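S.K.: The lines below spell out each chain.
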Amino acid sequence: MSKPADAAADFNLADLPDGELVEQMFDDLYDGLADEIAEGTNILLARGWDAKRVLDEALVGGMNIVGADFRDGILFVPEVLLAANAMKAGMAILKPVLAESGAEPVGKMVIGTVKGDIHDIGKNLVGMMMEGAGFEIIDLGINTHADTYIAALREHKPDILGMSALLTTTMPYMKVVIDAMKEQGLRDRHVVLIGGAPLNEEFGKAVGANAFCRDAATAVEVAKRLIQERRVARA
Amino acid sequence: MTMPSPVLIIGCGALGRELAELKRLNGWSHVTLRCLPAELHNRPERITPALREAIESGRREFEHIFVAYADCGSRGDIERLLAAYGIERLPGAHCYEFFASGRRFAELAGAEPGTFYLTDFLVRHFDRLVRRGLGLDRHPELMRNYFGNYRRLVYLSQANDPALDEMACAHARFLGLEYRREPCGFAPFNQAVTERIIRWRS
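As you go down the protein sequences, you meet chains A and B in turn. As numbered in our numbering, residues 4 to 238 make up the first sequence, in order. As numbered in our numbering, residues 6 to 207 make up the second sequence, in order.
These aren't lab readings, by the way, just hints derived from the structure by calculation. In this text the structure is predicted, and so the values were computed from the model without any measurement. Glycine residues also receive a C-beta, built at the ideal position from the N, C-alpha and C atoms. Keep in mind that the hints are not guaranteed to be accurate.
Pair ranges (Cβ atoms, derived) [as the list claims (entries may be wrong)]:
| hint | chain 1 | residue 1 | chain 2 | residue 2 | range |
| --- | --- | --- | --- | --- | --- |
| 1 | B | M8 | A | A71 | 15 to 23 Å |
| 2 | A | D38 | B | R65 | 42 to 50 Å |
| 3 | B | R149 | A | R217 | 24 to 32 Å |
| 4 | B | G91 | A | R217 | 26 to 34 Å |
| 5 | B | A175 | A | K208 | 42 to 50 Å |
Far from chain A, some chain B residues (derived; all Cβ distances over 12 Å) [said to hold, decoys possible]:
| hint | residue |
| --- | --- |
| 6 | E117 |
| 7 | R133 |
| 8 | L147 |
Per the computed footprint, the stretches of chain B lying under chain A, defined by three or more beta-carbons under 8 Å from a beta-carbon of chain A, are [unchecked claim]:
| hint | stretch |
| --- | --- |
| 9 | 47 to 60 |
| 10 | 173 to 186 |
Just chain B, same shape as in the assembly (with noise of 0.2 Å):
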């Protein structure tokens, strides 16, 4: 049996821990995660020169690189960076449709256009990315200019886990959304990278 070519999955930090539980799942001793920081979206323009670079370094040591970003803001210019490389990414605009699944997340975003959504990372990083990352903790009265318009908070669960579930209900008081939890599973999300990584191993 021929050992599988080595495949590097170039990464947003946010997704990390979910790559890594694929990896093990799956057994993917021949790919290499490489994460870029969450924070980066919080200035989507960065991303591109950031993932440039990545790809830049991982392609003299990888056959095969996949990223594992959507678009992420980024006008565009992720797709047309991949594109140059022959790369593939995640499908979509952002993280919440291939969590959902593309037709859930269109549901969701139909039946309530004022919907802020939080991942399993983002529920747990919520006060560094969300409350500190958009200045809330500093300046509270931008609250309004933020989530004024929003009125529910939607939690995409990947792990069923209550203390998580209990974190992202005290996120949604705190942002003074209705919650709700909508449980997801890693079943998009593994479909999403796993179709990817199972082409390049036959």
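One chain only, chain A, in its complex shape (with noise of 0.2 Å):
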């Protein structure tokens, strides 16, 4: 998935026609080339391509084919990190010119790593391919107190609540935000997406989530899919 070494001293991502350069994007982002991923970015930029067409086509396309290929074994975390740190570099070039355009995110996603729990590798990868999926994505970090989840709700009224955790000591603690957000009146409010190495879909249902998400690429799925039946069944 990457340049023949003896062509790489030469070889110029400006001069590939739109097509080959986004596929050399997708092996770029798959090497974890941030450089070449920002260069290419601006490429298709200058040439006309409006920045939401780059991130779906260029950057999503290629993180898609990077979180297939780890789900099947082929790639492993450190290679995903690479990815994902590339990716970044074009989406630092896109943002932007995303907000400018005025384009109406698809929802809007508070994120969190519970309280007690440091852990936030899974989290910040459901937040960027969240963000190129195009919600807008308000992330509280690691560590999170219910009060803190709480308060971020009733500020940014988001469609989407997401949980992380790592540990079996730390993941009870979705339970207690979720049974604050029904003390609250928030609950019925927010979807609740759950995640984590130790969480599966049986401990997502039992504290009360709308799902448990596997991988990145899930939570993206799944988060599209919830917000639009709740929007059909506000309609």
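Two chains, two frames, some hints: make the complex.
M.R.: The following block contains the structure:
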């Protein structure tokens, strides 16, 4: 998935036609080449592609391949992190352009790792892929208390609350947050998605979440579906 | 005196040395030890299928089987597999818990959630499983992704070995974390395994 070594020195992304450049960006994302992704993103914008198209076709398209190969055991965590860092380099260029365009986000999500837990690799991947899918993300970071979640729900009024935990000792805190949402009459206003290595669907049902998401790609699919269902139900 | 029934322990490779030591110390000549590769921990979804294969193979030869794995990030898959066979495993979510004992581990985690734990095995195999396993040898820029939120490294020491202590301290420096050694010995681990094996002997 990378350029031949002897051709690399003379390789110029700007010489490639659009289709081949996008294909090359898929390869560069796969190989975690942040500088090349930034360059390819700038080239496509300069050719008149709108930011949304660059995001959807070049970056998200490439990350979907990375996600599928991770799920199939072809790629491992280091490669996924490198790819994510490369995608971030492209997103950093696209975000201000997207903001200027005034395009409405697909939805809004508040996300955070629960109290007592400092693991954020999965949460960050979900946040990035959701952002890539057109969601506005409010990231509360790690070690997030129920009060902080509740305050963020009141302030930002998101469609979705996302909670992450990597430890069996911290995952029960998700129920504490969901119970607090119920007590304050907020539960029905938000979709609650949860994720993390020790979790499963049964746990999601037990704590009262709308869904457990096995990985970032699943989170995007589920988020889009549930938001659509809620909007149809309200119409 | 009758010979005790043969027992198979299917263990994580990360516990192989400790399990062999327990077998020697307790004189368990009726116990056979088979370990799966410790590298499975970097892909926990592969542990359960590997265990199923080892159990299927072992149940033809052994009356009793014990699995020396915790949940180990399998999302409960190991538990469900073992329930179907009526087989017990080590308690807890991962090996840190039974090396330190559940109560002590909870204290350590509560005092500093940003704690990275090493056992004797992980100290010895840090380069293979952490440095190379996480790709830090090739991509040191990933250090922040993995360890940016950690504050300290706690070495849950089984053997009282100054050389391992020195190595663990060096690993903490490599990760940029404060260092602390927590002497655990073999007692909590010994207890967790032995109580099952003794039960089958009676």
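S.K.: Holds or violated: the stretch 173 to 186 of chain B covered by chain A, criterion of 3 or more residues with Cβ-Cβ distance under 8 Å?
M.R.: violated (count 0)
S.K.: Against chain A, does R133 of chain B keep a CB gap of more than 12 Å to every residue?
M.R.: holds, 14 Å
S.K.: Taking the CB of A175 of chain B and the CB of K208 of chain A, does the distance hold inside 42 to 50 Å?
M.R.: Given about 46 Å between the Cβ atoms, the range holds.
S.K.: Just want to verify: E117 of chain B was marked as not at the interface with chain A; is every Cβ pair farther apart than 12 Å?
M.R.: Incorrect as stated: the minimum Cβ-Cβ distance to chain A is 9 Å, not above 12 Å.
S.K.: Range first: 24 to 32 Å. Now tell me if the beta carbons of R149 of chain B and R217 of chain A are that far apart.
M.R.: The hint (24 to 32 Å, Cβ to Cβ) holds, given that R149 of chain B and R217 of chain A are roughly 25 Å apart.
S.K.: Given the hint of 42 to 50 Å, check if D38 of chain A and R65 of chain B actually sit that far apart at their C-beta atoms.
M.R.: violated, 56 Å
S.K.: Between M8 of chain B and A71 of chain A, does the C-beta distance stay in 15 to 23 Å?
M.R.: Given a distance of about 53 Å, which is not inside 15 to 23 Å, the answer is violated.
S.K.: So is L147 of chain B really clear of chain A, every C-beta pair being over 12 Å apart?
M.R.: The claim breaks: L147 of chain B does not keep its Cβ more than 12 Å from every Cβ of chain A (closest is about 5 Å).
S.K.: 26 to 34 Å was suggested as the range; check whether the CB atoms of G91 of chain B and R217 of chain A agree with it.
M.R.: At roughly 28 Å between Cβ atoms, R217 of chain A and G91 of chain B fall inside 26 to 34 Å, so the hint holds.
S.K.: Verify the coverage statement for the stretch 47 to 60 of chain B against chain A, using a C-beta to C-beta distance below 8 Å and requiring 3 or more qualifying residues.
M.R.: Three-residue rule met by the stretch 47 to 60 of chain B, so holds; n is 4.
Violated hints, in rising order: 1, 2, 6, 8 and 10; the structure is consistent with all others.
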